[in-house]
Amino acid sequence: MGQRFNDHRRREILNKINSYVEDYNYPPSIREISQMMNVVSSSTAATYVDRLINDGYLRKHNSRSRSLEITSKGKKMIGKDKNEATGLMIPMVGTVAAGQPITAEEEIEGYFPLPNNISYAPDELFMLKVQGNSMIDIGINDGDEIIVHRQTTAENGQIVVAMTEDNEATVKRFYREKSYIRLHPENATMDDLIYDQVTILGLVISLYRPVLV
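Each residue of the sequence shown is one higher than the last, beginning at 896 in the numbering used here.
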């Protein structure tokens, strides 16, 4: 690899990884990087990735599959650091139940770059990690991270984060019936939740899956 692994090659690999993440919301595997780079051997792609990790352009969470992440240094190299530099970051505020409701405590745990295809301002949004399986029939799985638009109203059939009468938060499909609120789980094995009233915290508008297994 030697002399061929210069800044041009680094940018090429980082741009392809970034484009993949923007398209699929999760990072590529080594085999997919090999295909994107048109190299015959996956071991060559793995060597490229190792060099980028060692040089500080990528990081990898060893305990997770598909866990490559472009660092701030890497984003700066390919000109993708603008959202971070200008503060276009969505606050990540913990966990919300997709199952039985759990207590919601809004404490900022980190930030996520605002995706280019979302037109809302960052201060109108927040992110939550999903816990539970009540929304799996529409592809919201345990461990997924949802992007939520802050709002206090919802139309029937929309997917919301709602605070129940017991000050617990949950993600469900919302229905306002004549005399009650029905929160519908998208899981054929689970029953609807019925409340006299709930507080809408926001509307789920997007999903990020940090790990694909």
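One thing to keep in mind: the hints can contain errors.
Using 25 Å as the maximum straight-line C-alpha spacing, the simulated DSS-like pairs for lysine-lysine come out as follows [what the hints assert, rightly or not]:
1) K1024 with K955
2) K975 with K955
3) K955 with K968
Per label pair, the in silico range of CB-to-CB distance [unchecked claim]:
4) E1063 with Y1006: 18 to 28 Å
5) S936 with H956: 33 to 43 Å
6) D945 with E1063: 12 to 22 Å
7) N1012 with I948: 36 to 46 Å
8) Y1006 with N1036: 54 to 64 Å
9) D1061 with E1019: 42 to 52 Å
10) N1036 with S937: 19 to 29 Å
It should be emphasised that the hints constitute simulated quantities derived from the structure, not laboratory data. Just so it is clear, CB atoms sit at the ideal spot from N, CA and C, and this is done for glycine as well.
Now the hints, each set against the structure:
no.: 1; hint: K1024 with K955; verdict: 20 Å, holds
no.: 2; hint: K975 with K955; verdict: 19 Å, holds
no.: 3; hint: K955 with K968; verdict: 14 Å, holds
no.: 4; hint: E1063 with Y1006: 18 to 28 Å; verdict: 25 Å, holds
no.: 5; hint: S936 with H956: 33 to 43 Å; verdict: 24 Å, violated
no.: 6; hint: D945 with E1063: 12 to 22 Å; verdict: 45 Å, violated
no.: 7; hint: N1012 with I948: 36 to 46 Å; verdict: 28 Å, violated
no.: 8; hint: Y1006 with N1036: 54 to 64 Å; verdict: 23 Å, violated
no.: 9; hint: D1061 with E1019: 42 to 52 Å; verdict: 27 Å, violated
no.: 10; hint: N1036 with S937: 19 to 29 Å; verdict: 27 Å, holds
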